[in-house]
Structure formats: structure tokens, C-alpha cells
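Protein chains: 2
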Amino acid sequence: MKIGLLIIGNEILEGKINDANLRQLSLFLRQHHLELSASITVTDSEDAIHLGLKTLFSTCDVVVTSGGLGPTKDDVTKEAIASFMGRKINYAEAAYEVAIKNYERFSRPFAGKEHGYCFLPEGFVALNNSTGFAPALFAEHSGKYIVCGAGVPKEFKSLLEDHFLNLLQNKFPVSSELIESITVRTKRIPEEKIFGEVDPSLWDKLSHLGSVSSLPTTMGVDIGVKIKAHELQELSSKKERVLAIFENSAVKP
Amino acid sequence: MKIGLLIIGNEILEGKINDANLRQLSLFLRQHHLELSASITVTDSEDAIHLGLKTLFSTCDVVVTSGGLGPTKDDVTKEAIASFMGRKINYAEAAYEVAIKNYERFSRPFAGKEHGYCFLPEGFVALNNSTGFAPALFAEHSGKYIVCGAGVPKEFKSLLEDHFLNLLQNKFPVSSELIESITVRTKRIPEEKIFGEVDPSLWDKLSHLGSVSSLPTTMGVDIGVKIKAHELQELSSKKERVLAIFENSAVKP
Numbered sequence: 653m654k655i656g657l658l659i660i661g662n663e664i665l666e667g668k669i670n671d672a673n674l675r676q677l678s679l680f681l682r683q684h685h686l687e688l689s690a691s692i693t694v695t696d697s698e699d700a701i702h703l704g705l706k707t708l709f710s711t712c713d714v715v716v717t718s719g720g721l722g723p724t725k726d727d728v729t730k731e732a733i734a735s736f737m738g739r740k741i742n743y744a745e746a747a748y749e750v751a752i753k754n755y756e757r758f759s760r761p762f763a764g765k766e767h768g769y770c771f772l773p774e775g776f777v778a779l780n781n782s783t784g785f786a787p788a789l790f791a792e793h794s795g796k797y798i799v800c801g802a803g804v805p806k807e808f809k810s811l812l813e814d815h816f817l818n819l820l821q822n823k824f825p826v827s828s829e830l831i832e833s834i835t836v837r838t839k840r841i842p843e844e845k846i847f848g849e850v851d852p853s854l855w856d857k858l859s860h861l862g863s864v865s866s867l868p869t870t871m872g873v874d875i876g877v878k879i880k881a882h883e884l885q886e887l888s889s890k891k892e893r894v895l896a897i898f899e900n901s902a903v904k905p
Numbered sequence: 653m654k655i656g657l658l659i660i661g662n663e664i665l666e667g668k669i670n671d672a673n674l675r676q677l678s679l680f681l682r683q684h685h686l687e688l689s690a691s692i693t694v695t696d697s698e699d700a701i702h703l704g705l706k707t708l709f710s711t712c713d714v715v716v717t718s719g720g721l722g723p724t725k726d727d728v729t730k731e732a733i734a735s736f737m738g739r740k741i742n743y744a745e746a747a748y749e750v751a752i753k754n755y756e757r758f759s760r761p762f763a764g765k766e767h768g769y770c771f772l773p774e775g776f777v778a779l780n781n782s783t784g785f786a787p788a789l790f791a792e793h794s795g796k797y798i799v800c801g802a803g804v805p806k807e808f809k810s811l812l813e814d815h816f817l818n819l820l821q822n823k824f825p826v827s828s829e830l831i832e833s834i835t836v837r838t839k840r841i842p843e844e845k846i847f848g849e850v851d852p853s854l855w856d857k858l859s860h861l862g863s864v865s866s867l868p869t870t871m872g873v874d875i876g877v878k879i880k881a882h883e884l885q886e887l888s889s890k891k892e893r894v895l896a897i898f899e900n901s902a903v904k905p
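Chain order of the listed sequences is A and B.
Count along the first sequence starting at 1, add 652, and that's the number in the working numbering.
Count along the second sequence starting at 1, add 652, and that's the number in the working numbering.
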């Protein structure tokens with residue numbers, strides 16, 4: 653299951669705030685042996701959102717969007733998704749029910765059925781948002797799927813925790829592509845020396861088990877191996893073999 | 653001048669580290685009345701980098717890349733850019749000179765002319781990296797431009813400060829599209845109430861001067877107006893008019 657993230661918001665591209673949802677989604681996916689394939693950040697404009705959707709749907713099975721579901725005029729995510737898919741936006745009783753429940757939970761008066769929150773692109777499901785007001789959304793699109801959440805990090809987090817796996821876990825053969833990332837931090841040796849002098853065959857040995865990466869940090873060099881497997885037992889056996897390679901190498905954690 | 657950012661690195665998509673360069677670039681551009689149009693984060697793989705370059709070059713005049721210039725096998729940015737543009741990678745004396753100077757500055761021995769740092773895609777210029785080892789890169793591509801920097805935030809920052817404006821300020825009519833973002837924080841009134849009850853015409857009044865956005869934060873609602881102008885005087889006159897609208901509104905900072 654290839655998953656892409658579309659982050660929608662001028663405030664991120666203008667540097668007013670840092671996005672927190674890419675990392676949140678990555679870490680959530682990793683817990684479930686899934687991974688994020690790509691992420692695109694665009695402005696709150698239909699053209700930009702269309703470009704992001706087109707690009708992500710060209711390679712991903714699932715597109716998650718973050719942001720632009722709020723009540724103000726710069727929140728155009730629903731409209732842009734609807735126009736991208738050629739769908740109309742209609743009043744939806746189910747969205748009204750989610751919205752009014754959210755407002756009641758926070759003891760805030762709800763404007764009623766005229767409110768934008770009650771309108772959904774055709775074929776979209778409204779999802780309860782347990783930490784905010786705007787309903788989250790879910791739909792199929794040409795055999796692929798889209799999940800749309802609010803950009804506020806705590807609301808995006810609750811979308812993942814409350815809905816993501818329920819919505820998607822039976823849609824794709826998840827178990828056929830379990831993923832785990834193993835990171836070993838080695839200290840006091842520069843990156844080039846590790847792979848050039850200390851253990852020139854380390855990279856290739858690890859590559860037989862998964863995709864290798866090297867990340868110099870101020871604390872040391874993080875050598876990562878991303879392993880894939882069809883089942884949990886195979887995953888844990890590969891993990892042991894990765895750790896055994898380090899045990900037999902001059903490059904030590 | 654439309655500017656896009658391509659962030660290259662598994663470590664970001666896997667949630668191991670947060671990207672810091674989108675915000676660095678945004679804030680740098682804002683200082684110079686420029687803006688970031690879009691940002692894409694991809695894995696360290698040729699296909700993913702190609703998709704990112706294709707998408708950004710379809711709408712931007714300048715593509716800035718961050719990451720993947722290091723010495724290890726997962727650093728494939730140069731190769732991917734070269735194959736995307738149909739250019740060969742050759743030994744380049746200028747890159748060797750930049751690299752050896754960087755190693756000397758840090759008193760580290762340099763492997764010599766065989767080192768990957770001495771190889772550049774055809775037509776690329778090597779730029780000094782005042783805070784790291786890997787030379788940064790610059791080239792023209794089909795009437796547009798590409799600037800490639802290391803992903804380490806301090807190295808990316810020095811690329812911007814040392815080179816960005818020198819490389820690009822005469823390439824596009826920068827002065828014809830000065831941009832400034834004005835943000836006013838209003839407190840204690842929910843977003844919907846501001847634009848629904850307190851001053852229903854505020855959004856439209858501000859929209860005559862620029863692109864309006866609204867961002868609820870824990871400290872209050874940030875109302876932003878992005879104004880554009882052809883010259884500094886026009887920019888500052890528009891800014892005064894934005895502030896005057898707030899002075900005459902019931903919505904106060």
C-alpha cells in the first residue's frame with residue numbers, strides 16, 4: 653500500500669508554522685509496518701491542490717490530506733478535491749450529524765444545516781473528529797482512496813488513531829508488505845571513514861537485507877536499514893540478521 | 653519568480669528527523685519579498701526524485717533541492733538530476749577545487765580526484781559550501797534554474813545566504829513581484845465568530861488588498877494578508893491600508 657501526504661496551507665509555505673503532520677503520519681505508519689512514499693506541500697488554492705493530488709495519485713494507492721477543512725474562505729480543500737474528481741458538493745445529513753455532535757461536545761452553538769461542514773463532495777463519508785469541529789472525510793477515487801483531515805496536529809492525530817486503519821486495512825494486502833526500519837548509531841567515526849576504511853563491505857552486506865541509508869547527526873552517524881517482509885516472523889528474522897552483521901563488523905553501535 | 657523546493661531524504665519521510673529547510677527557505681525568501689510556491693518531499697530514489705523535479709518544473713521557474721549530496725550510496729541526488737535532464741556526470745576541476753578547499757578548512761584529508769564530490773552533471777556549476785564538505789550546485793534547465801544544496805540545515809542555510817540571490821536576482825524581474833505577508837493576531841474570539849458576527853465584511857475588505865488567510869492558534873486567530881506590489885513604496889502603502897482596515901474594524905489585534 654503506497655501512501656502519499658498532501659499538506660495544504662499557505663501558513664506552512666510562508667514559514668509561519670512548521671508542519672507536524674508529515675512526521676506524525678510517518679511514525680504512525682511505522683508502528684503498523686507501513687511507510688510514507690511522498691509528501692507535497694501546496695498553497696490553499698485549487699490549482700495547487702489539483703497538482704498535488706494528480707502527482708500523488710499517479711504513484712500512491714492512498715492519499716492523505718492535511719489542512720483546509722476549516723470554516724473560512726481560505727479553506728478550499730473540499731472544493732478543490734471535488735473539482736479534481738469531477739464531483740458536486742452537496743448537503744449531507746451524515747456530515748451535519750458529525751458536525752453538530754462535535755459542537756455539542758465543546759458546548760458551542762452550531763450555525764445549522766447551512767454551515768459548510770454539512771456539505772461533502774458526492775460519495776464522500778464524513779468521519780467523526782474527536783478533537784475538533786470539522787468532520788474528516790473519506791472516499792474511493794478510481795480504485796484508490798483519499799482520507800482528508802484537519803491540519804491542526806492534534807486533530808490530524810486523532811484522525812489517524814480513530815479511523816485510519818479501520819478505513820484501509822482491508823483495502824490492500826497490507827500483510828504482504830510489512831516494513832520495519834532498524835537504525836544503528838555509530839559514534840566518533842566520520843561517515844566516509846565508516847564505509848571507506850573501517851568496513852568497506854558493510855553497505856553491500858546490509859543491502860542484501862534491505863534498503864540502507866546513512867544519516868550524519870551531531871550525535872553520530874545513524875545507519876538505517878529498511879527491511880520488508882511478507883509476515884512478522886520473516887521481519888524479525890531479517891532484523892536479527894541485520895544486527896548480526898553489525899556484531900561481526902568493526903563498525904559498532 | 654516561482655520557487656519550488658524538493659526535499660530529498662528517506663530520513664524525513666520515515667519520521668527520523670523533521671525537515672527544517674522548508675521553513676528556512678520560506679523565511680529567507682520572505683526577507684527578500686519572494687515566496688515559496690510548493691514543496692515536495694521524496695525518498696532517495698531516482699524515480700521519486702524524477703517525479704518531484706517534473707512536478708516542480710511544471711509550475712516553477714526555480715527549483716531548489718535539499719539533501720542527497722553526501723558521499724554514501726544513498727546519496728543519489730546528482731545522478732537523479734543528471735538522468736532527469738539527460739546529462740552525463742563528469743569529473744569537474746572546479747568541483748575538485750571547492751571540495752579540497754572545504755576539507756582543508758576542516759583540516760580533514762581529502763581522498764582526491766576520485767571522490768564523488770569532484771563529479772558534476774554536465775553544465776552544472778560547483779558552489780562553495782562554507783559550512784560543510786559537499787559542493788552545492790547550480791545550473792540552467794530549459795530556461796529555468798536549479799540550485800542543489802546539502803540537507804543539513806546549517807549547510808542549506810549557508811547556501812541561501814552565500815549564493816541564492818547572487819545566482820538568481822538578475823534572472824527574473826524580481827522587482828515586478830514584491831511580496832509581503834502581514835499577520836494580525838486577534839484574541840479571545842473564535843475564528844467563525846470573527847468573520848461571521850464581529851465583522852462579516854472584514855474578509856472581503858482585506859481581499860481587495862491581497863490574499864487573506866486565517867489560522868487559529870492556541871494564542872489566538874492569526875489573520876494574514878499577503879500583499880503584492882511592483883515597488884517598495886506601493887508595498888508599504890498597501891500595508892498601511894491593511895492596518896487601517898483593522899483600525900476601523902471591531903476585530904482588534
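If you are wondering where the hints come from, they were derived from the structure by calculation, not from laboratory data.
Be aware that a few hints might be false.
For identical chains, the list gives no copy identity; a pair is met inside one copy or between any two copies.
Unchecked claim - Okay, derived cross-link-like pairs now, DMTMM-like style, lysine to aspartate or glutamate, Cα gap no bigger than 25 angstroms in a straight line:
no.: 1; residue 1: Lys845; residue 2: Glu886
no.: 2; residue 1: Lys890; residue 2: Asp726
no.: 3; residue 1: Lys839; residue 2: Glu698
no.: 4; residue 1: Lys668; residue 2: Glu807
no.: 5; residue 1: Lys823; residue 2: Glu756
no.: 6; residue 1: Lys725; residue 2: Glu843
no.: 7; residue 1: Lys809; residue 2: Asp874
no.: 8; residue 1: Lys806; residue 2: Glu883
no.: 9; residue 1: Lys857; residue 2: Glu731
no.: 10; residue 1: Lys890; residue 2: Asp814
no.: 11; residue 1: Lys891; residue 2: Asp726
no.: 12; residue 1: Lys839; residue 2: Asp713
no.: 13; residue 1: Lys878; residue 2: Asp699
no.: 14; residue 1: Lys725; residue 2: Asp713
no.: 15; residue 1: Lys668; residue 2: Glu886
no.: 16; residue 1: Lys809; residue 2: Glu899
no.: 17; residue 1: Lys845; residue 2: Glu829
no.: 18; residue 1: Lys880; residue 2: Glu749
no.: 19; residue 1: Lys809; residue 2: Glu792
no.: 20; residue 1: Lys796; residue 2: Glu844
no.: 21; residue 1: Lys857; residue 2: Glu807
no.: 22; residue 1: Lys654; residue 2: Asp699
no.: 23; residue 1: Lys839; residue 2: Glu749
no.: 24; residue 1: Lys890; residue 2: Asp856
no.: 25; residue 1: Lys765; residue 2: Glu844
no.: 26; residue 1: Lys878; residue 2: Glu731
no.: 27; residue 1: Lys890; residue 2: Glu745
no.: 28; residue 1: Lys880; residue 2: Glu745
Everything numeric in this text was worked out from a predicted model, so none of it was measured.
To see whether the hints hold, each was checked on the structure:
no.: 1; hint: Lys845 x Glu886; result: neither (32 angstroms within a copy, 55 angstroms between copies)
no.: 2; hint: Lys890 x Asp726; result: between (48 angstroms within a copy, 20 angstroms between copies)
no.: 3; hint: Lys839 x Glu698; result: neither (48 angstroms within a copy, 30 angstroms between copies)
no.: 4; hint: Lys668 x Glu807; result: both (19 angstroms within a copy, 22 angstroms between copies)
no.: 5; hint: Lys823 x Glu756; result: neither (33 angstroms within a copy, 55 angstroms between copies)
no.: 6; hint: Lys725 x Glu843; result: between (49 angstroms within a copy, 11 angstroms between copies)
no.: 7; hint: Lys809 x Asp874; result: between (27 angstroms within a copy, 22 angstroms between copies)
no.: 8; hint: Lys806 x Glu883; result: neither (32 angstroms within a copy, 41 angstroms between copies)
no.: 9; hint: Lys857 x Glu731; result: between (50 angstroms within a copy, 23 angstroms between copies)
no.: 10; hint: Lys890 x Asp814; result: neither (31 angstroms within a copy, 45 angstroms between copies)
no.: 11; hint: Lys891 x Asp726; result: between (47 angstroms within a copy, 20 angstroms between copies)
no.: 12; hint: Lys839 x Asp713; result: neither (39 angstroms within a copy, 41 angstroms between copies)
no.: 13; hint: Lys878 x Asp699; result: between (35 angstroms within a copy, 18 angstroms between copies)
no.: 14; hint: Lys725 x Asp713; result: neither (30 angstroms within a copy, 28 angstroms between copies)
no.: 15; hint: Lys668 x Glu886; result: between (44 angstroms within a copy, 24 angstroms between copies)
no.: 16; hint: Lys809 x Glu899; result: neither (38 angstroms within a copy, 38 angstroms between copies)
no.: 17; hint: Lys845 x Glu829; result: neither (34 angstroms within a copy, 47 angstroms between copies)
no.: 18; hint: Lys880 x Glu749; result: neither (42 angstroms within a copy, 41 angstroms between copies)
no.: 19; hint: Lys809 x Glu792; result: within (21 angstroms within a copy, 41 angstroms between copies)
no.: 20; hint: Lys796 x Glu844; result: neither (42 angstroms within a copy, 34 angstroms between copies)
no.: 21; hint: Lys857 x Glu807; result: neither (42 angstroms within a copy, 31 angstroms between copies)
no.: 22; hint: Lys654 x Asp699; result: both (24 angstroms within a copy, 14 angstroms between copies)
no.: 23; hint: Lys839 x Glu749; result: neither (55 angstroms within a copy, 29 angstroms between copies)
no.: 24; hint: Lys890 x Asp856; result: within (15 angstroms within a copy, 59 angstroms between copies)
no.: 25; hint: Lys765 x Glu844; result: between (62 angstroms within a copy, 15 angstroms between copies)
no.: 26; hint: Lys878 x Glu731; result: between (38 angstroms within a copy, 22 angstroms between copies)
no.: 27; hint: Lys890 x Glu745; result: neither (50 angstroms within a copy, 43 angstroms between copies)
no.: 28; hint: Lys880 x Glu745; result: neither (43 angstroms within a copy, 41 angstroms between copies)
This entry does not satisfy hints 1, 3, 5, 8, 10, 12, 14, 16, 17, 18, 20, 21, 23, 27, 28, going by the numbered hints stated previously.
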